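Please construct the entire structure, taking both the sequences and the accompanying hints into account.
As given, the protein sequences belong to chains B and D, one line each in that order.
Sequence positions in the first sequence follow this note's numbering and run 1 to 162.
Sequence positions in the second sequence follow this note's numbering and run 1 to 108.
Hints should not be assumed to be uniformly reliable.
What the hints assert, rightly or not - If we take Cβ atoms under 10 angstroms as the criterion, some of the chain D residues that face chain B in the derived model are:
#1 Leu69
#2 Asn73
#3 Leu79
Keep in mind the hints are simulated off the structure, nothing from the lab.
Predicted, not measured: the structure shown is a model, and the values here were computed from it.
Glycine included, each C-beta is placed from N, C-alpha and C at the ideal position.
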Amino acid sequence: MTKTQMFRVYIKATPEAIWEAITSPDWNDRYGYKSKSEYELHGGGEYRTFATEEMRTFGMPEIVIDGEVREADPPKKLVHTFHAFFSPEQAAEPGIVVTYLIEPEDNGGLTRLTIVTDENNSPATLSIVTGGDGKLTEGGGGFPFILSDLKSLLESGTSLQD
Amino acid sequence: MSDDDIVFKALADPSRRLLLDRLFEQDGRTLINLEAELPHLTRFGVMKHLRVLEEANLVITDKVGREKLHYLNPVPIRLLHDRWIDKYTERRVSALTDLKHQLEKKNA
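Set out below in structure tokens:
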């Protein structure tokens, strides 16, 4: 059975700015785990996240997450598969599906960003995106941490870690 | 009220925290399913608590067919942590982490 989880944040930014921050490699290495991601923004396109220098020193492979773009509708919706290689357990799993929904609110210049994860037989992969019990310094934090930092970067111009 | 106030207020009730705990264990539940977890409350009471949690963005609802499913959203708790709690705990936690590393090194 598919297990669905949701992560939602309201950000004072335009949908276009949020789309750019998620999909552009010039932006997506400036918050969260600061690892660069590349998306071919069409159905069947390739998705890859590259290890940071720090991750490499821990022996991580060059590509730490890959997947296939299922849907790209800028600046509203992005769906891709997510197959992680941080551990052998994750590498052996089929992986999860990640959906980004970007919806402008009626007032106040706020945009609602929701991430939906759908998991099937991939508990180790799911545990990285939900953050588990891990401390940030030990690699924990997942999407709640990434979204909190993305909000900080887009609203104040600085990452929480700077 | 600020977003932080709304989240703190939503968390300041044992029935609402129980609802979050139950969603943490099993996400995507219906109202009827959640009602069974709080037998001391009426349906109206459970609905009222869920509405407060939804307004605080701690619960997200999604319509699947004719069913309305409730999901736990952990992001507002992370926001509180990063913007408010972290500044008081960070130094102490890192001191404890340093101590743990030193002790482990000694025993190695």
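Okay, the hints, checked on the actual structure:
Residue-level restraint check for Leu69 of chain D holds (minimum Cβ-Cβ distance to chain B is 8 angstroms; threshold 10 angstroms). Contact between Asn73 of chain D and chain B, as hinted, is supported at the beta carbon level, the nearest pair being about 5 angstroms apart and thus within 10 angstroms. A distance limit of 10 angstroms between C-beta atoms decides the matter here; for Leu79 of chain D the minimum to chain B is near 5 angstroms, and the interface restraint holds.
Violation of the numbered hints given earlier is absent; every hint is satisfied by the structure.
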